[in-house]
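Colleague: Since chain X is already given, all that's left is putting chain Z on it; use the hints.
Protein chains: 2
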Amino acid sequence: MSFSEKFHLRIPGPTPIPPRIQQAMAQPMIGHRSGDASRLLRECSEGLKAIFGTKQQPLILSNSGTGALEAAVVNTVRPGEEAIVVVTGAFGDRFAKIVERYGLTCHRLDIPWGQACDPETLGSFIKEHSRAKAVFMTYCETSTGVLNPIDQLAKVVREHSDALVIVDAVSCLGAVASQMDDWGIDVMVTGSQKAMMLPPGLAFVAVSQRAWSAVEKNEAPRFYLDLLAYRNNLEKETTPYTPAVSLLFGLKEALHMLQEEGLENVIKRHERLKQMTRAGVRALGLELMTSEQDASPTVTSIHGGKDQWSSEDLRKALRELQIVVAGGQQHLKGKIFRIGHMGYCDALDIFTTLSGLEIALQKIGVPAPLGAGVKAAQEVYMNHV
Amino acid sequence: MSFSEKFHLRIPGPTPIPPRIQQAMAQPMIGHRSGDASRLLRECSEGLKAIFGTKQQPLILSNSGTGALEAAVVNTVRPGEEAIVVVTGAFGDRFAKIVERYGLTCHRLDIPWGQACDPETLGSFIKEHSRAKAVFMTYCETSTGVLNPIDQLAKVVREHSDALVIVDAVSCLGAVASQMDDWGIDVMVTGSQKAMMLPPGLAFVAVSQRAWSAVEKNEAPRFYLDLLAYRNNLEKETTPYTPAVSLLFGLKEALHMLQEEGLENVIKRHERLKQMTRAGVRALGLELMTSEQDASPTVTSIHGGKDQWSSEDLRKALRELQIVVAGGQQHLKGKIFRIGHMGYCDALDIFTTLSGLEIALQKIGVPAPLGAGVKAAQEVYMNHV
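From first to last, the protein sequence lines are chains X and Z.
For the first sequence, the positions run 1 to 385 when the UniProt record's numbering is used.
For the second sequence, the positions run 1 to 385 when the UniProt record's numbering is used.
If you are wondering where the hints come from, they were derived from the structure by calculation, not from laboratory data.
Among these hints, one or two may not hold up.
DSBU-like mimics (lysine-lysine), calculated; alpha carbons at most 35 angstroms apart, straight line [to be verified]: (1) K49/X to K97/Z; (2) K49/Z to K306/Z; (3) K217/X to K316/Z; (4) K6/Z to K252/X; (5) K49/Z to K236/X.
Chain X extracted, bound-state conformation (with noise of 0.2 angstroms):
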């Protein structure tokens, strides 16, 4: 018998799957134009407008999240305009990457990793670069943790400009809060394999009637990412390209179990199980990276023991516990580690890792208290229910 399929995934996404969910993506495949699964793909496109927050229908297209972060350029912008990109992390580089791929003049507001952007900085910037046709963000930067405040950030951009307001949302959509439309948010995206507990292979995609705008008059070649072929095809119930259907059988019950788990409820968890994760963190003697203020409900990052141990040590020894948690990427590759909290993990889940975390540190030679980590989170929840 082998114990190597037991392990823990808390990683910020892919995030592991319910059995249900499983159960549900193992169904019969069904023909792409059918029905049923017409029926299927407009059940989950009504299902995603409450995780958005819109009125809008929103799109779902199959690849992975950074094909529909293209694909809020690409029907958006054209080259030779100008854009902002709010860049916080990794994945805010990745959509500036993007913007400076297809031609455009990119406006990089830097904000040091860890940090969240305030709406202050973003105003000035903004004032700056009046010219840019398109602001583009992240909601939560899945390489430091980092909860943007979108809502602040949107509202300024509302405020001293015309500009579209795009979001990356991917690694947060389903476990916080979202009111796509009434922030002012223009496009947000988001992908299947975080808190929507679905593995990887679906984005969805909500534009606003601003966007659309933009997006009909936009003549840069697209094809496959092309958005007005997946809402004109969304009008007759079915998609331009063969969808993942396997994984449309998945989000429709995904979607169930956040209705009947409640909306509010998976928030509340998420931000309970972001308080856990952070207490019990601080009680074993670790530097957490965000504030409070600036914390994500999803990921949270962790700074290594800079000269005294390693963070890559630490993950070995948490891989042999059968817990598996992310390093750091770009330059903060080898100096921090990130546990994710997001999708179908509950509060014992993180009394799990974090008696893991306990036993890997003395591994690893780092003095931490046996089950300190663990009665802090286990506070945190007694004071929460």
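Modeller: Below, chain Z without anything else, positioned relative to chain X:
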């Protein structure tokens, strides 16, 4: 108890998923940057070499086949250049649409739907359009059930020009012979949901050294579909963006199944399924859309009864028997129906389909002799084994 899930999917993709593959896809999710994911990716890419008939390292994209068709365009040719597209049906037409959308001068070689392109015709066409940088063609044209003689077509392109030979093999690769390197094909593209027995959501692309030179020089903007990013990451045993991990679990199992049966036997099985289907259909007095020579081993197109009976009524009658076949596309809508017989399909599935077809024909008032189609298919079967 409901039998609603007990149906027979006999469309030319998506195709039924074998239980072994369903189980493989239900494995616990893993991190896409883990060692396990690297091993999975490497094994899958290695296994795909035999399917393509190439020594090059096949790339794995997480999108539908159309995304891969677009990748085959945007990576190889540039706006303002000329290209030839051989159009034998709806998917050749799609290739042409992509080429046009990206601002190329598109020379369409339109062949009557239901016929293959013959090498002489293509040879003359190439001489007329000698500035074409690439020739795009379709191996199996799903909309008509035609298998183009792709080896001969590739040969004639190479004889007459330096144009790249780019092939859509979505609805046949894994069911028909492919010696991409020997045949001089530069880019070949396929999808997961046809002969590969997987759900839709993955696409596979192989690129010749000659084509890589063109791709490397091509500065046309592209991001998610940038084949260089996939190649460079695959060399490090990873992907540029999060892949559809559960489908990769399935791909590994699908490749095992194809290896166990032996690719030669897989190809023979499909040839037999085609002959059985055609013999059965003929015995029922129906008119095949393609000649023996042009017929694909993966899908068979059959004319409706013109003024006598409608192929859509027949499809409905079949649907009531829990057999799902496809209709016609574009101008063939309502005029033909198509039986898919690729992937997880054996002789008994053909008997099932033909027995249902006989009943359905009687139900819509077509005097097809009961048992005659099955018998004709059985005779083909007995002669084969």
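Colleague: For a quick check of understanding: which of the numbered hints are violated here, in increasing order?
Modeller: 2, 3 and 5
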